[in-house]
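First to last, the protein sequences are chains A and B.
The first sequence begins at 1 in my numbering and counts up by one.
The second sequence begins at 1001 in my numbering and counts up by one.
It is possible that some hints are incorrect.
Unchecked claim - Cross-link-like lysine-lysine pairs, in silico, BS3-like; alpha carbons within 27 Å at most: (1) B:1086 x A:8; (2) A:36 x A:77; (3) A:8 x A:36; (4) A:77 x B:1022; (5) A:77 x A:8; (6) A:8 x A:82.
Source of the hints: derived by calculation from the structure; they are not laboratory data.
What you are looking at is a predicted structure, and each value in this text was computed from that prediction instead of being measured.
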Amino acid sequence: MTDYWLSKLFFDLQTPARAAAYRADRASILKDYPLKPEVRAAVLADDVAYLARLVNPYLLRFYFSSAGMSDADFIAKLRASKADAKEAAHG
Amino acid sequence: MAELVGIFAASHGPLMVRDWDKVTPEHQARLTGAFHELGRRLDAARADVVIVVSPDHWVNFFINNLPSVCIGVGEEHDGPPEPFLKAFPHRTLPGAPDLAGHILRTALAEGFEPSISHRLTLDHGFCIPLWLMKLERLPRLIPIVVNDLEPPMISIRRALDWGRLLKRAIASYPGTARVAILATGGLSHSIGEPTMGDIDEPFDHECIRLFRAGAEQPLCDYLERALTETGNGAHEVRNWVIAHGAAGSRGFEAIDYLPVPEVYVGCCFAAWQAGG
Chain A
1 MTDYWLSKLF FDLQTPARAA AYRADRASIL KDYPLKPEVR AAVLADDVAY
51 LARLVNPYLL RFYFSSAGMS DADFIAKLRA SKADAKEAAH G
Chain B
1001 MAELVGIFAA SHGPLMVRDW DKVTPEHQAR LTGAFHELGR RLDAARADVV
1051 IVVSPDHWVN FFINNLPSVC IGVGEEHDGP PEPFLKAFPH RTLPGAPDLA
1101 GHILRTALAE GFEPSISHRL TLDHGFCIPL WLMKLERLPR LIPIVVNDLE
1151 PPMISIRRAL DWGRLLKRAI ASYPGTARVA ILATGGLSHS IGEPTMGDID
1201 EPFDHECIRL FRAGAEQPLC DYLERALTET GNGAHEVRNW VIAHGAAGSR
1251 GFEAIDYLPV PEVYVGCCFA AWQAGG
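The shape of chain A in the complex, shown without the other chains (with noise of 0.2 Å):
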């Protein structure tokens, strides 16, 4: 299910400035979207497994890149996140 303002975060942070200020301080960026409180927690503890669920992945890309996540710790997260469901699937 989309997450609207999830996308428009991180929608909103492909512009190089508010990126910046982002990484210096997450929270004075995510005052300005109404996130719900589970989602907030997910952007905060870097949950990528989470998040993916709620995004489309080309913008998920974009976010944990600018975030500062290298490309192999985002994909080896993406795979673990893989993992986890199908376990729990056959749980």
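Given chain A, put chain B in place with the hints provided.
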């Protein structure tokens, strides 16, 4: 009437520029050679106008306003906003409003409902191929943005119809112009998914085989099924299907194909016979 003088397709990918130094020398040579060959052919076609069919990577459009297809009809368009494309030599790119307006009116008259933009920002999908082709001069551009990123998207059959429409609109244009089509994107890649970085070579080879074979129904059937199973970046093959439709689904030539893990993309470069 305008004349369709060339139909081409090229992969694009941000890492072709951003991480070029991480691409192996062999892949650098192949990619450079393929882009230059496309550029040589486009220069030889002496196109006044190039219709560039590419996705928008969340630059012009967002989920509050997301066209399936948008035609850029403006006199001028903005260059790429991505920081890694600062060295791209054009901050603005010339449009072709007369022909673009004719394509728009033809589309509406024939039952297509594109969105309209009088000024688009052309991101890496448009600008990387145009840049790396090393053109002698930049023709005027008609950008056509196709939503290849956020489902639902136009069907493969509709993409073929769009290609045929472009061909008819070019032929019925009352002015004089030499027109080429450049489709960008694809083939297989995966972005922001658990399969990110994977290249689906069987998918790529089957696309090439089906484009070469020309028959439309097998191409539509295959892509409608396979695009649900391979990486999300492969949806950009819709742009290739539009080019294929403009060529009358004939005369496809793969100039080169190489999977390039360093840029995450099954890279392909192609041309169609423009008189198809």
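Consistency of the hints with the structure:
no., hint, verdict
1, B:1086 x A:8, "holds, 25 Å"
2, A:36 x A:77, "holds, 23 Å"
3, A:8 x A:36, "holds, 13 Å"
4, A:77 x B:1022, "holds, 23 Å"
5, A:77 x A:8, "holds, 22 Å"
6, A:8 x A:82, "holds, 25 Å"
Against the hints set out earlier in the document, no violation occurs for any number.
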